[in-house]
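**Q** What follows is each chain in one-letter form.
Protein chains: 2
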Amino acid sequence: MKSLKIGVCGVGNVGGAVLENLTNTPEIVASNGGVQIEIIQVGARKGKSAVPYDLDVVTDLMDVAENPEIDVFVELIGGCDLARSLVKKAIENGKNVVTANKALIATHGDELFEFARNKNVQIGFEASVAGGTPVIKALREGLVANKVKWFAGILNGTTNFILTKMSVDQSSFEDALKEAQDLGLAEADPSMDVDGTDAAQKASILSALAFNTPYDFSSVSYGGIEEVSAEDISFADQLGYSVKHIAYGFIDNGTVDISVFPTFVPKDQLLSQVGQQMNALEIYCEGIGSTVYYGPGAGPRPTASAVIADLVDLSNGGWPESSKNNINNVLSKECNHKFSRYFKLDVKNEAGAIAKVSSLFAEKNVSIEALIQNEIKNNSIDDTHVPVVIISGELSDKEAISLKITLEEMTEISGLVQQLRIHNAL
Amino acid sequence: MKSLKIGVCGVGNVGGAVLENLTNTPEIVASNGGVQIEIIQVGARKGKSAVPYDLDVVTDLMDVAENPEIDVFVELIGGCDLARSLVKKAIENGKNVVTANKALIATHGDELFEFARNKNVQIGFEASVAGGTPVIKALREGLVANKVKWFAGILNGTTNFILTKMSVDQSSFEDALKEAQDLGLAEADPSMDVDGTDAAQKASILSALAFNTPYDFSSVSYGGIEEVSAEDISFADQLGYSVKHIAYGFIDNGTVDISVFPTFVPKDQLLSQVGQQMNALEIYCEGIGSTVYYGPGAGPRPTASAVIADLVDLSNGGWPESSKNNINNVLSKECNHKFSRYFKLDVKNEAGAIAKVSSLFAEKNVSIEALIQNEIKNNSIDDTHVPVVIISGELSDKEAISLKITLEEMTEISGLVQQLRIHNAL
Numbered sequence: 019m020k021s022l023k024i025g026v027c028g029v030g031n032v033g034g035a036v037l038e039n040l041t042n043t044p045e046i047v048a049s050n051g052g053v054q055i056e057i058i059q060v061g062a063r064k065g066k067s068a069v070p071y072d073l074d075v076v077t078d079l080m081d082v083a084e085n086p087e088i089d090v091f092v093e094l095i096g097g098c099d100l101a102r103s104l105v106k107k108a109i110e111n112g113k114n115v116v117t118a119n120k121a122l123i124a125t126h127g128d129e130l131f132e133f134a135r136n137k138n139v140q141i142g143f144e145a146s147v148a149g150g151t152p153v154i155k156a157l158r159e160g161l162v163a164n165k166v167k168w169f170a171g172i173l174n175g176t177t178n179f180i181l182t183k184m185s186v187d188q189s190s191f192e193d194a195l196k197e198a199q200d201l202g203l204a205e206a207d208p209s210m211d212v213d214g215t216d217a218a219q220k221a222s223i224l225s226a227l228a229f230n231t232p233y234d235f236s237s238v239s240y241g242g243i244e245e246v247s248a249e250d251i252s253f254a255d256q257l258g259y260s261v262k263h264i265a266y267g268f269i270d271n272g273t274v275d276i277s278v279f280p281t282f283v284p285k286d287q288l289l290s291q292v293g294q295q296m297n298a299l300e301i302y303c304e305g306i307g308s309t310v311y312y313g314p315g316a317g318p319r320p321t322a323s324a325v326i327a328d329l330v331d332l333s334n335g336g337w338p339e340s341s342k343n344n345i346n347n348v349l350s351k352e353c354n355h356k357f358s359r360y361f362k363l364d365v366k367n368e369a370g371a372i373a374k375v376s377s378l379f380a381e382k383n384v385s386i387e388a389l390i391q392n393e394i395k396n397n398s399i400d401d402t403h404v405p406v407v408i409i410s411g412e413l414s415d416k417e418a419i420s421l422k423i424t425l426e427e428m429t430e431i432s433g434l435v436q437q438l439r440i441h442n443a444l
Numbered sequence: 019m020k021s022l023k024i025g026v027c028g029v030g031n032v033g034g035a036v037l038e039n040l041t042n043t044p045e046i047v048a049s050n051g052g053v054q055i056e057i058i059q060v061g062a063r064k065g066k067s068a069v070p071y072d073l074d075v076v077t078d079l080m081d082v083a084e085n086p087e088i089d090v091f092v093e094l095i096g097g098c099d100l101a102r103s104l105v106k107k108a109i110e111n112g113k114n115v116v117t118a119n120k121a122l123i124a125t126h127g128d129e130l131f132e133f134a135r136n137k138n139v140q141i142g143f144e145a146s147v148a149g150g151t152p153v154i155k156a157l158r159e160g161l162v163a164n165k166v167k168w169f170a171g172i173l174n175g176t177t178n179f180i181l182t183k184m185s186v187d188q189s190s191f192e193d194a195l196k197e198a199q200d201l202g203l204a205e206a207d208p209s210m211d212v213d214g215t216d217a218a219q220k221a222s223i224l225s226a227l228a229f230n231t232p233y234d235f236s237s238v239s240y241g242g243i244e245e246v247s248a249e250d251i252s253f254a255d256q257l258g259y260s261v262k263h264i265a266y267g268f269i270d271n272g273t274v275d276i277s278v279f280p281t282f283v284p285k286d287q288l289l290s291q292v293g294q295q296m297n298a299l300e301i302y303c304e305g306i307g308s309t310v311y312y313g314p315g316a317g318p319r320p321t322a323s324a325v326i327a328d329l330v331d332l333s334n335g336g337w338p339e340s341s342k343n344n345i346n347n348v349l350s351k352e353c354n355h356k357f358s359r360y361f362k363l364d365v366k367n368e369a370g371a372i373a374k375v376s377s378l379f380a381e382k383n384v385s386i387e388a389l390i391q392n393e394i395k396n397n398s399i400d401d402t403h404v405p406v407v408i409i410s411g412e413l414s415d416k417e418a419i420s421l422k423i424t425l426e427e428m429t430e431i432s433g434l435v436q437q438l439r440i441h442n443a444l
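These protein sequences, in sequence, are chains V and X. Under our numbering, residues 19 to 444 are what the first sequence spells out, in order. Under our numbering, residues 19 to 444 are what the second sequence spells out, in order.
Same shape as in the complex, but just chain V:
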């Protein structure tokens, strides 16, 4: 049987699960993958007390990257600075690398992959997107014969959990977030999840694979879910949609738009049915249409599953090398793709107000596909304004924001106008 000697840096949740799997059940990988994975050294800044197995533990992580006995360096410490130094050192020493670090790949991917190519080693990063669901494998191996036209993904479990709670249990955003934190699904500081950074990093990795663009997280336009209200979710439901935090990537004529925003998804589409903390990715290819990959997007065991799958792949020759030398697809700094839109406005409860709003849409040459104005209930606190929902024709982000601002300036409209994308899977 083949054997693979590894060094693991980082013994947090994911690192712990990797050590546990390889130490307690090595027969699974031996039997399924035909390889014996040997942990030569573990780097843990807290030292041996952090590692409940009889392994060689060092506190200086650089020792692992420089250990001449290991074939693969496994980076599970997270963050960008030290992780980058460690990975570069390991590559310099001729080692393959496996990492779960989406921030590292999304920020320094091009540099690291080029460095690895020059040293004739490879970097596995299946665990960086969608955890235990093998979406990177599907994208670069399973679909290798096809041109990807677009992808749409639910890539952050925390925000999907919150949106699901808000929809199914009518929780407020705050209550849903608190529940996610209590369940260990959200960090004490949840901002990277909630504001869309985490999903945007993952989307930029998918873009590099799907569209052969640079790894350039700074070109992704994104927004979080804080602005989504219980009222939006209720209107979505009424109109036949779920609200999901959708990472969308699209190529048109060599220009690629990547963005992540809360989005209305029609209920007859699979993505709208992805609940709780689950992730899913729909990849649309010319000729074959959509394939969808669904599963646990985070958590120690799913992420460890992806790390170990990369190790087995490396023991077996690694991955096809896409010819990055012909990158000619441009990553657009703003998303120009057009979406139908949901607008929610509080309109003055007076004759002619709705007509004026409609006229503005007509003036701007924006079609109104649907309009809902519910009756004001008698016990309503505010009967001077009435919530109105408009489903518009297709607009770019820029056009939608410009329309939103113009609407907010109208005297017939009070407060802020909400606008959200509507996913169109064609």
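Hints are supplied without guarantee of correctness; some may be wrong.
Pairs involving identical chains hold if they fit within one copy or between any two copies, as the list cannot separate such chains.
Unchecked claim - Straight-line distance between alpha carbons at most 16 angstroms, and here's what the computed EDC-like set of lysine to aspartate or glutamate pairs gives: (1) Lys-374 <-> Glu-430; (2) Lys-165 <-> Glu-45; (3) Lys-20 <-> Glu-339; (4) Lys-107 <-> Asp-78; (5) Lys-356 <-> Glu-387; (6) Lys-165 <-> Glu-38.
These are calculated hints, taken from the structure and not from any lab test. It should be emphasised that the depicted structure is a prediction, and the values quoted were computed from it without experimental measurement.
Given the structure of chain V, go ahead and fit chain X onto it with the hints provided.
**A** Quick look at chain X alone, frame taken from chain V:
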């Protein structure tokens, strides 16, 4: 760039799509997969007229299997006898093999894989299950670090199309089948699809990968969708289920049950939302839970996509070799797994009849989880009997069939009793 020299036998729908992709758009595979695939020879029994490309075409397929210039023999003729001879000859000549032939793998898999191992070559068969959706890759590579506990799949596009039509458009089975035939989704003789043979072959392939069992199609118990009535589908809908043709595989203590039957699937589960001719596979692993793979399960381009993905994999070292020498899991000849059940009976419209039916369930120690008896409409043709639906507790196939027979013998019940499994994804 790497190069791979192939010979292709079979130029029907799938073979044609493989030749088209590799001839017209070789830059896709070169760019995504880093390999130049060269078609050295094509075997077409009809000769050069069947191949609209400038390629070396021979009518004796054995010539391709014996051609010393090719690295990979691609078998796309279907059927078992000639395909088996060709594949064995190619392996004997030291060539890797790629096939889309589920019947071949499900029937002769063990023989062929052992022969290949002895000759130090590999056989790719991604295209044999779920067409363009890379489920075999997910199972043996993406999930390599995990123990599969069960899988449930919609593996036949024709039957899923028919069931979807019967549900959404209230078509009869006959009309839905005719529509599938008109659209090219069903063969003129659709029996292999409709009676479950096709799905059962695919399920036996998944079992070998998921549970390390022999490739033994004869151990799969299966039934078709002909018996599913519009009334069953309407009751399913009323009770919160879709009716799907589910291939189910389960391991318990080294014993594996594989079966394919029409099954009630709760509407809150992703599999119930898989419509039209699409395929989907849910794989449940210990520790990480369910992942689901959805996509086109048939058709020339999706199937060609899987064939080419296998070729790229072979150019890159092939697949992990699971250690088949420690097969110790037994494939059970009958499915002993217990499912809740749907029973539909036509009960005499007279006092005490339902009570007698309920007593029989109690006598047999089978719980009744739900019972529906709708009012007889005034304009009903037959008001002497009333349809009754019972959702029972968990029963094995044998127990369910025995109960069905006993019910049919009751004088209070007229005609045949329908019984279907209810999928429980726990």
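**Q** Next, verify each hint and record whether it holds.
**A** Taking the hints in turn, this is what the structure says about them:
Taking the shortest Cα distances, Lys-374 and Glu-430 sit within 16 angstroms of each other inside one copy (8 angstroms), while across copies they are farther apart (68 angstroms). Only between protomers do Lys-165 and Glu-45 lie at most 16 angstroms apart by alpha-carbon distance; the minimum there is 10 angstroms, versus 38 angstroms within a single protomer. Taking identical chains as interchangeable, the C-alpha atoms of Lys-20 and Glu-339 lie at most 16 angstroms apart only when they sit on different chains, with a minimum of 10 angstroms there against 23 angstroms within one chain. For the identical chains of this complex, Lys-107 and Asp-78 are intra-copy neighbours only, at 13 angstroms inside a copy versus 56 angstroms across copies, given an alpha-carbon limit of 16 angstroms.
In the homo-oligomer, the alpha carbons of Lys-356 and Glu-387 lie at most 16 angstroms apart inside one protomer (15 angstroms), although the nearest pairing across protomers, at 49 angstroms, exceeds that limit. In this assembly of identical chains, the alpha carbons of Lys-165 and Glu-38 lie at most 16 angstroms apart only when taken from different copies (14 angstroms versus 39 angstroms within one copy).
Going down the numbered hints, you'll see the structure goes against none, and every one checks out.
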